[in-house]
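Undergrad: Here is what each chain is made of, one letter per residue.
There are 2 protein chains.
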Amino acid sequence: MSQNSSSSNNKDDRHAEKQITPRAEDFSEWYLDVVSAAELAENAPVRGCMIIKPNGYALWERIQKILDDRFKELGVANAYFPLLIPERFLEKEAEHVEGFSPELAVVTHAGGKDLEERLAVRPTSETIMYDAFSRWVRSYRDLPLLINQWSNVMRWELRPRLFLRTSEFLWQEGHTVHTTEEEADERARQMLQVYKDFAEDVMAVPVFIGQKSESEKFAGALHTYTVESVTQEGKALQFATSHNLGQNFSRAFEITYLGQDGARHYGWQTSWGISTRAIGGMVMTHSDDKGLVLPPRMAPQQVVITTVGHGMTNFDRVPSEALRLAEQLRGSGLRVHLDDRELRPGEKFFEWERKGVPLRLELGGKELSAQVLTAVRRDTGEKQEINLSQADTQVSELLDKIQTDMFRRAAEYKENWTKEVDSWEEFVKEIQAGHLVLAHWNGKADVEEKIKDETGASTRCAPFDHPAEKGKCIYSGEPSSCRFLFAKAY
Amino acid sequence: MSQNSSSSNNKDDRHAEKQITPRAEDFSEWYLDVVSAAELAENAPVRGCMIIKPNGYALWERIQKILDDRFKELGVANAYFPLLIPERFLEKEAEHVEGFSPELAVVTHAGGKDLEERLAVRPTSETIMYDAFSRWVRSYRDLPLLINQWSNVMRWELRPRLFLRTSEFLWQEGHTVHTTEEEADERARQMLQVYKDFAEDVMAVPVFIGQKSESEKFAGALHTYTVESVTQEGKALQFATSHNLGQNFSRAFEITYLGQDGARHYGWQTSWGISTRAIGGMVMTHSDDKGLVLPPRMAPQQVVITTVGHGMTNFDRVPSEALRLAEQLRGSGLRVHLDDRELRPGEKFFEWERKGVPLRLELGGKELSAQVLTAVRRDTGEKQEINLSQADTQVSELLDKIQTDMFRRAAEYKENWTKEVDSWEEFVKEIQAGHLVLAHWNGKADVEEKIKDETGASTRCAPFDHPAEKGKCIYSGEPSSCRFLFAKAY
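Order-wise, the sequence lines are chains Y and Z. Take the first sequence: its position 311, counting from 1, is numbered 311 in the numbering used here, and each next residue is one higher. Take the second sequence: its position 343, counting from 1, is numbered 343 in the numbering used here, and each next residue is one higher.
If you are wondering where the hints come from, they were derived from the structure by calculation, not from laboratory data. Be aware that one or more of the hints could be misleading.
Because identical chains cannot be distinguished in the list, a pair is counted as satisfied if it fits within a single copy or across any two copies.
Claimed, not checked - Subject to a maximum C-alpha distance of 20 Å in a straight line, what follows is the list of computed EDC-like cross-link-like pairs (lysine to aspartate or glutamate):
{"hint": "1", "residue 1": "Lys72", "residue 2": "Glu61"}
{"hint": "2", "residue 1": "Lys113", "residue 2": "Glu87"}
{"hint": "3", "residue 1": "Lys196", "residue 2": "Asp339"}
{"hint": "4", "residue 1": "Lys414", "residue 2": "Glu233"}
{"hint": "5", "residue 1": "Lys470", "residue 2": "Asp453"}
{"hint": "6", "residue 1": "Lys72", "residue 2": "Asp339"}
{"hint": "7", "residue 1": "Lys113", "residue 2": "Glu98"}
These numbers come from a predicted model, not from an experiment.
Next up, chain Y with everything else stripped away, as it sits in the complex (with noise of 0.2 Å):
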C-alpha cells in the first residue's frame, strides 16, 4: 500500500526523512524522530492534536483487539456515550471539576445559535455515563454493571508531544458498578492486572504496578491504581489507570440499588483506562538510534520478506518463491509484509529497521540456491541462516526468541535503574543520576511536594510487590510503613 513507501512522509515535517538523533544526545528529538521516521503520527494543524498514520493507527487496532477481547471474556460489555457533556454534570463530584475544568474545550455555540448551556468535550466519561446509571440500575440484580467505552477525549495540552501527551487522545474507558465495596475493589485491582499483562506480555514493556498517593490520583477517586513503566531516558511514564471510586460519584449522582434486604443502597464504582499514550511508552521502553523497534506480539507486521540481487541471472525464481513463502508463513498465522520492490537493498533494509519490523527476511537468487534465507533481528542486529524447508517453525520460534529478550532486556534495564535507598543525600543523587528511587516517605502531601520542588521526582507508586517495611522518610524522619517509587515522569 501506497502509505507504507517511505515516500509518502510529511514534506514539511523536519524529523521526517532527517537522521534520527541519537539518544545519548537529545532523548526528546530522538523521540519524535523515531516516531516520524515510522510514520507513526505527526502533529495536526490544531495545536497540541495529532494525526495518527496508518502505521501508527495500527498500534491501536492491535491494543483494541486484544484488550477487547480480554474486557469481554470479563463480562464487559462495550456502549457509546456522548461527546458533549453539559457543565453541570462535571459540577456534581467537586474533586472532579476542580481536576479536569483547567483542561476542558467548551462548545459554546450550535447549529447557528450561542447554546444556553455550554457542552464541555469530555475529557472523561464518569459523569455522563453515571447520570445514565443512576437510571439503569435498579435491584441488585442489576450488578455489577460492566460498562466499556473506546473513544475519543480531550483534555487542553500546553506542552504537547506525540502520543504521550496531546489534547485529543483515543482510549478506552471501563466503569463499574457493584454491591460491595470488596467486590469493586477487586475490580479495580484485575483491571489493573489485565493491563499489567498487556503490557508485559503483548508490548514486553515490564511495569511497577502500585497505588497512587493521595495527590497523584484521579479528581473523583477513593483509591487510584498505576502501572508505571520505565523509558531509556530513566522516567518513569503513567501506562494504563484503574481506579476505586468508592461511593464518591454514586452518592452525587445517585445511583442506588434495592438489596436484598430491602433496602436502597448506593453502588461501589470503578473506572480504568488505557490510552493512545501506552504507544509512546512502548516506543521509549525500546526503539534505538536506528528508528522503532517493535515486538512481535505488537507488530502489525511482524516480517517483512525483502527481495535482493533484482537484475542478477539467478533471480528469475526469487519474485514466485517469495511470494510462496509469505503465503507460507502467513499460513502459519504470522503477519507478513513482502518487499519485493526494484530498489538498492540498502535502501528497504533502511526503511523497515526504521519502522520496526521485528525480523527482515532477505531472499535471492543466491539465497534460493542454498535454499536458505538470511534472517536479520531488527532488535539485536544479528544475523543468521534458516533453511527454506523449515522456515515456518523456525521464524514462529525466532519471533518468540525476540520478544522474550526484548522482555528481558527491558527488565533488566528497569531491575538495574531503580535505587533503594534510604538517605536523603542518596535519593538526591540517584534522581541527578537518572535513576528511579524507591524510598520511604511519610505519606504528608507537603512533604511530597518539597520532595518534587527540589529535586524534580514525583511519587508514581508505593508497588504492590513491595512488601510493607518499617522505616524513616527519607525527608522528614518520621516514621514509614512501605517504599514509595519516586521518578521523573512524562
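Assemble chain Z onto chain Y, guided by the hints.
TA: Same frame as chain Y, but now just chain Z:
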C-alpha cells in the same frame, strides 16, 4: 450479563416497559418503542444526542468488524484525524462550507481561555484530511492513497430521532486519492457495491443503488452515489453514500502529484461512508409489532437457549444439558446465549422476542426425555422440533433459512411497493398511497423542488439497475433519458 436483563431499562423512558405501539397505529412511535424495548439506545441529556446501549453497540461492532475486514481486503488502511477542525479549513471548498455551516458545533473556549480561532467539531473530515494529504502525496508512486477512519462526527440536528438523525453519530469515512478520474470513479462505485452487499447479504436489507441528483449530492462532490433502503412505512432511507469528488477538493487543498510524465497534476478523489443510521434502517425494514427482529448474520446473539419447567421433577438434568448444548453450538461457530434464569417461560420468551434474537430453543425435562428441542423462529413465530443429537447442523440450517427468508420477504416488499408511473396524476396517487415511485424527470432542480413541495417526495437516485430509457418528465412534459426513484424519505 446484567446489562442484558430486562430490569436494566431506563426508569424514566416512557418507551421502556410499555407495550409496543402497533405499526399500523403510529409508525414513528412503534420505531421508538422497538428501539427502547430492545435496549438499543436512549436519548442523552444533551439535545439530539444518543446513548448507544450495549445491545445497540453490539450491532455497530458487527458492522465495524465485517466492513473493516472488507476495506482491508481492498487495500484500505485506517488512520485517525483530529476531532476539531479550524473553521478556515471548511471554508476552502465553497459548496462544502455552505452545506455544513448551519449544522456545526463550535468550540470557542479551551484550556481556560477564549480561542483565537474557532474550531468546528468535525461534521465530516474531508478538509482536515486533505490538508494532510497535500503533504503526504508527492508522486504517482504514492497513489492510490486509500485511508479510512472510524469515528464520531457531529451535525447539529433540530428534529432528532434515535439512530436515524442524531447530532452526534458514529461512522466510518473512507477517503482516497487517485491518478485518474476513471480510477476514482471505479473506486467510488466499488465501495458503493461493498455497502450494497453488506446491506443485502448481512443485514438482509434489499436496497436501490444509483446516482443522486445535483441538488441531493454531497456538498463538494462531483457525483454522489447512494444506497437507499425502504422502510415498512414506504419511505426511502439513505443507508450509505459514496462520492466521486473529482478535483474539487484537490484543487482547494493543493493535493498534487508528480506524474510519470514529469508534470504536476491534481489528484482525483473519493469519499464514502456508512453510519449508525444504518442500524435504524435495518430496524425499520425487519421489525414487527412484538419488537426487534434481527437477521442471523447481524445478530450479536443468534440463538437463545431457554430452559423451561424449572421445579418440575424431570428438570434435574436440564441445566447441564443446556450448557452442553450451548457449548456445542458455540463450537460450530454460532453466537449463543443461555438463559437458565428461574423465571416463568413466558417472561423469558417475551424478553428475547423484544430483543430480536433470531432463534429460540426451548429445553425442559419433557424435551430432554424425547431428545428434542422446540425451536421458535423470531421472524415468523413458527415452531418446529429439532433432534438434540443433530442440533448443530439443524440450527445452522435454520439460521441460514431465516436469513434467506428475511431478505426474500423484504425484497418482495420493496418490489411491490415501488411503482413505475408515467403521469403526474399517477405519481401523486402513488406517493399519497405511501409507495416509492420510478418516474421520468427532466433533471432540473426547480422541477425537483416543485415536486417535493407538492407531494413531499424527493429524488432518491437514478437507479443503476434501471436501463436508460427515453420518456417525458411527469411534471414538465420535457424529455428525460432515465427514470428517477422518488419517495418520501427519512
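Undergrad: Hint by hint, note whether the structure agrees.
TA: Okay, the hints, checked on the actual structure:
1. Proximity of lysine 72 and glutamate 61 under a CA criterion of 20 Å is satisfied in both settings, with 16 Å inside one chain copy and 13 Å between copies.
2. With identical chains, the CA atoms of lysine 113 and glutamate 87 are at most 20 Å apart both within one copy (18 Å) and between copies (16 Å).
3. For the homomeric pair lysine 196 and aspartate 339, neither the shortest alpha-carbon distance inside one copy (35 Å) nor that between copies (34 Å) is at most 20 Å.
4. In the homo-oligomer, the alpha carbons of lysine 414 and glutamate 233 lie at most 20 Å apart inside one protomer (11 Å), although the nearest pairing across protomers, at 65 Å, exceeds that limit.
5. Proximity of lysine 470 and aspartate 453 under a CA criterion of 20 Å is satisfied in neither setting, with 26 Å inside one chain copy and 83 Å between copies.
6. Taking the shortest alpha-carbon separations for lysine 72 and aspartate 339, only the inter-copy value of 18 Å comes in at or below 20 Å, while the best intra-copy value is 37 Å.
7. In this homomeric assembly, lysine 113 and glutamate 98 come within 20 Å of each other (Cα to Cα) only across copies, at 16 Å, whereas the closest approach inside a single copy is 29 Å.
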